[in-house]
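Turn these sequences into a full structure, and let the hints guide you.
Those protein sequence lines, which keep their order, are chains A and B.
Just remember that my numbering sits 3 ahead of the position in the first sequence, which is counted from 1.
At position 219 of the second sequence (counting the first as 1) the number is 202 in my numbering, and the numbers step up by one without a gap.
Some hints here could point you the wrong way.
The calculated label-pair distances, taken between Cβ atoms and stated as ranges, are [what the hints assert, rightly or not]:
| hint | chain 1 | residue 1 | chain 2 | residue 2 | range |
| --- | --- | --- | --- | --- | --- |
| 1 | B | I399 | A | N216 | 58 to 64 angstroms |
| 2 | A | T130 | B | D284 | 55 to 61 angstroms |
| 3 | A | E137 | B | Y754 | 43 to 49 angstroms |
| 4 | A | D276 | B | T292 | 53 to 59 angstroms |
| 5 | B | K536 | A | T133 | 36 to 42 angstroms |
| 6 | B | K635 | A | F62 | 32 to 38 angstroms |
| 7 | B | I332 | A | K138 | 22 to 28 angstroms |
| 8 | B | T450 | A | T156 | 38 to 44 angstroms |
| 9 | B | K327 | A | E228 | 46 to 52 angstroms |
| 10 | B | T450 | A | N216 | 51 to 57 angstroms |
| 11 | B | N423 | A | E49 | 55 to 61 angstroms |
| 12 | A | I104 | B | G435 | 52 to 58 angstroms |
| 13 | B | S535 | A | T133 | 38 to 44 angstroms |
Calculated cross-link-like contacts (lysine to any residue; reagent style SDA-like; alpha-carbon spacing at most 25 angstroms) [claimed, not checked]:
| hint | chain 1 | residue 1 | chain 2 | residue 2 |
| --- | --- | --- | --- | --- |
| 14 | A | K207 | A | I193 |
| 15 | A | K12 | B | K755 |
| 16 | B | K539 | B | T451 |
| 17 | A | K207 | B | K444 |
| 18 | B | K445 | B | T537 |
| 19 | A | K12 | B | G763 |
| 20 | A | K12 | B | G753 |
| 21 | B | K608 | B | Y550 |
| 22 | A | K65 | B | V747 |
Hints in this document: simulated from the structure, not taken from any laboratory.
Glycine included, C-beta positions come from ideal geometry on N, C-alpha and C.
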Amino acid sequence: MFFSACLTKPLEVTIPQQEQKTVVFSQVIPGRIMIVALTKSFGALELQQDEGDSVSTNFLDKLLEDNAEVTISYDGNTDTLFRIEKGLYASVNTPQNANIIYDLKILNERGEEVKASGYMLPKIDFTAVTPSIEKGKDTTTTIQYSFTDIPNTDNWYMINFYRQGQNLQGVDVNNIFSNGQNNLVRTEIISDATFNGTYEGESKFNGFELGANDTIAVAISNINEDYFKFLDLRQRGGNIFSELTREPISYPTNVKNGYGFFNTHYPDIKIFDLNDY
Amino acid sequence: MFNYSVTNHTFSPYRIVESSNHLPMKPKQLILLVFMTICTLVRAQSTIQLSGYITDASSNENVQYAYIKTNISGHGGISNEYGFYSFEIPANKDVVVGFSYVGSKTKSYTINKSKNFVLNVSLESSVTSSKEILVLGTKNNASRQEATSNKMSVITLPTKNLKTIPSIGGEVDILKVVQLLPGVARGTEGGTGMFVRGGDADQNLVLLDEATVYNVGHLFGFFSVFNPDAIKDLTLTKGAFPANYGGRLSSVLDIRMNEGNSSGIHGSGGIGLLSSRLTLEGPIVKDKISFLISGRRTYIDKVLGLTGTKVPYFFYDLNAKINYTHNQKNRFYLSSYIGDDVLKVSETIEDDSTASEDIFGFGFSLKNITQTIRWNHLFSDKVFSNTSLIHTLFNYDITGDFVGNNILIKSQIRDIGLKSDITNYYSSKTTLKYGFQVINHNFRPNIVSTSGEISEFLASKKGNLQTTLESAIYGNYEWRIDTLTTISLGLRVSSSTVKGRIYVGPEPRFSAKRTIGENGAIKASYSRMYQYMHRVSSSSVALPTDLWYPISKTIKPQNADQIALGYHYYWPKANMILTAEGYYKWMRNLIEYKEGTNLILNDNFEESLIQGTGKAYGFEFLAKKDEGDLNGWIGYTLSWSKRQFNGLNGGKEFWARFDRRHDVSAVVNYNISKRHTLSAVWVFSNGSRFTPIIGQYLVPNAALTGVEIIPLYTERNAISLNSSHRLDINWVIRNKKEKRFKYEWHLGGYNIYNRATPFTTRIVPTENGGYKYEQPGLFGFIPSIAFNFSF
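Now the structure itself:
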C-alpha cells in the first residue's frame, strides 16, 4: 500500500530567523592566562550538520567576532583583553583568585554591548585516580577516581577523559577552534547533591574509546550550576532519540544580549600512559 | 412479562390492551370488590412501569441509546448502554409509545395496561429503504429525539453506518472516523492519535466492552486495533461526562463489540490491500446463547513470501464473544480481544576476517489482550444492574541478537478490575444511577535481560514494579423538572492508592437541558475529571516505548474542569440535526518531560517529569444527517489550547502542539441506487505546532578540543505547520440484495488530489547552493480496492 502511494510535493515555507548575536566562551588556564573567544550566531539555513560534523575554516572565519573591545572587571579593577587573533582575546594580567566575581563587557563591531558575570570557584583536586586495563579480544579500561566535595556549598563537578593528547599541560591558544590532537572521549558531570563527602567513581571504556597503548588524561573542574545545566542538557539532548522525537532544548546562558558561557573554572589534570598498566 | 416480537410494517401502531373477565359475585365478594375498587381507583391515578430491551431485528443484538417517546408529555426515555429501558406511563390509559434509533425504522405501540409491563422491541434497519425513511420523518424519529434529549458533547455512531466511508486500504478504520468529528483534532497524518477539546493524546479513555485498551494502534499507530466487523457501535463523550465515566481528562470512547446474532448463523468478511478479515456469528442455543468470532490479519508477508521477498512484519486481531440470556432478568456476556504486532528480522552476515557467520536478529511484539465478563441483572422492572469483571494486558517485547550478544526488553501493564452499576428508574421524573469501580493496575516497565558482552554495559534488571489501586464510587441523579427541563446531578469520588500516598478526587458533574420549541434544546454542563496515570511517549509518534505510568508520591494526578454550553436543533425539512457547542476547559497537573529527557529504557521517570497547567476553549458546529439517500455530516471546530509549565519556555505560556485553530470535516454518503453508493471525505485543518531551529551558534566542547553546534529554537510551539486539506472517495458496488450471499466492491482513493499534509519541517538544499525549509507530507494519492461479503 505504501509503495503504491504517490509522492506529494513538499510545501515550501518561510520561517523568520533569529537575529545575529555575539557568542561568548572563555577558559582560564590556571596561573597563566584568561581567554575569551567570541563568535557570532548564525541562521539555521546557513550551516547544515547533514554536511558532516566539521565546520569549514572559511565558515568559521566568517563567524569570528573581530574588532571587539573586551574588558574584565574585578575588585574595582578593569583589564582590557588583547587580541590574540581574530575572535580570540586574552588577559595575562588578570589575577585568578577564587571567590571573586569577574564582570565581562564586550562592545562588538556592530556597536552592541554584551555582558556576563562569572564567579571564580575554588579549585577541586582529585584525591586519587587509578586506571586499570583488561587486555584481550576486547580491551576494557577502567578508571577509578575519587575526590572530596568542597564543604558548605552546593557544587557541581565536570570530569573529562582525554585520549592521545599532546597538549595536556594546557591549551594551545593559537589553535583553540581547530580540532586539536586532544580527543575528548567522555565528559561526566556530578552534582554534590548525589553524594556526601568523598565521591568515588568508576568509568569503563571499551577498546574503541581507549586503546591499550594510549596516553590518557583525566581532568576535574569545579563548575557553576548554569554550565552544569548546559552540559547536562547537551548530554541528554545529543542522542539519537531526542533527534527522533525532536523535542526542543533551550540551552541556558549566563551572557546578556548574547549566547554561550563566560566560564571561570580551571581543571586539575592527571596524565597516564596505559602501557604502564 | 410480555415478549413482543414485531414483524409487520412499521407505519401502524400496535395496540396492546389487557382483557378482563366479568364473573357473578356474592355479597361478601361485593364488599371485597368495593374495597378493591377503591384501591384500584387509587392505583388508577398512579402509573405502571414500562420496561424491556430494545434489539436490532436482523441480529437480535441490544441497541443502546434508542429513544422512546410517548404521547403523554413527560413520559419517555432512552435505552441504556445495554439496550434496557424503563419508565413510567399512566395505567389503564391508551399510551402511544414510539421507539426510534439512528438507521432504524421508528416503531410505535399503543399500550393500555394496569400492571407493570415488559415490552421487548426489535427495530428494523432502515439503511436499505431510504425512500421510506423520508416518509417516516415524524416527530418520533431518532434525530429529533437526539436533538431534544439531555445529551450533549456526545456522539454515538453505529459501525454499520460507517462502512462506506473511505479510508486508507479500503477498510474503514473507526478511530479515523472519530477523528472526523468536531472537537477531535487529528495527530500526525494517518495516525490514530486524537486530541479532544485541547487535551493531550493520553487523556482519552478507550474502552472495548468496558475494558481499557492501552495501545489502540497497529503499525506504529497507522491502523487502529478495532476490526470494524466485530464492532457494533462507538460513543464518544467529550464533555458533560456522566458520573460512571472517569479516569481521563478529555474524552471517553466507549466501543461495544457485536454480541453475536442469536437468530441464525451469519458470516461476513473482507479482502483488502492490507489485511483480510472473517467473522462468524450465530446461535449456539437459539435465542438463548449466541457467539461471535472475528479475525483479521495482514498478509503481505505471506504473499510476498511466495515470491521470495521477506516482509518481516504482520499484525492480527481476534475478537470473540459469547452472549447468554438466562432469562429476562439475567444476561451474561463474555468478550475477549487479542491483538499483536510482530516484527522479526533475522539476517546472517558473513565475517570474511574469521570466515564465520554472524547472526543478526531484531524483533518486537506488541500485544493487547482484553477480557470482560458482564452480568446484566434486573432486580425489578425499575432496577437494572450491570456488573463487569475486567482484565486488560498490554505487553511489549523487543529482542536483539548480534554476534553472541542477546537483549530482551520487556514492558507490561496489567489491569484487573471490577465495576458495578445500578440504575433505578424511580419515576417518570427521576432516575438514579450509582455504582463503584475498582481497578488494580500492575505496571512493570523496562525489564531488561542481556547476555554476552553487552551485559557488561547494559545489565539485566527486573524493572521497577509499580502497583496502584484505582477506585471510585459514583452516583448520578437525573430529574425531569417539567416537560421542558431536565437536569442531571452527579458526583464521582475517585481515589488512587500509590506507594506512600492516597489521592482522592471529588468529581462533581452537572448537566441541564431546556427544550426550546418542538425541535430545539439549549444545553449546559459542567464536569470535573481526574486522571491517575499518564503515557510516557512522544506526542507525535506511537512507538513501542509508549508506556503508561501511574502517578506517584510526587507526581500528582491530572485534573480538569470543563464547562460547555450548546444549542441543538432538529431541522425537520432536511431531517438533520444542527448542534453548536462552546466549551472552556481548565487543566491542572498536566505532565511534560524536562528538556532533553531520554525516553528509552528509563524506568525512573519521576525525575524527568514536570507538571503544569493548561486551558482550552473553542466552538464546535455539527450538521448531521443520519438518514436518507444523501447522509453524512459536516463538522467545524474553532479552538485554542495553551500550556504553562515553569520548567518550559522560560515559564511563559505556550500553544499546545496540536492546537489547530480551524478544523473542518465533511463526510458525505450518497446512495445512487440500491447497488451503488458514493462516499467522500474532505478535511481541512490548520497545521499542528512545532518548535523550529531558527539559529545556531558554535561553542568549544568542554575540553576545548573541538566545537559543537548549539541550536537556537523559537518559543515552544510558536510556529504552525502549513494548513492541509485532503479529499478521499469511495465507490461501493453491491450485488443484488435478494441474494443470500451479499458482496460489495469498494473502489477508493485516498488524497485524491495528491496534496501534502505536512508532518514535519526539514531543511533542504536549494538549486543555488543555499538551503530552504520545506514541509513534506506522508501519504500522497493511494488507490484502494477491497472486497467485502456477508451471508
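Hints not upheld, ascending by number = none
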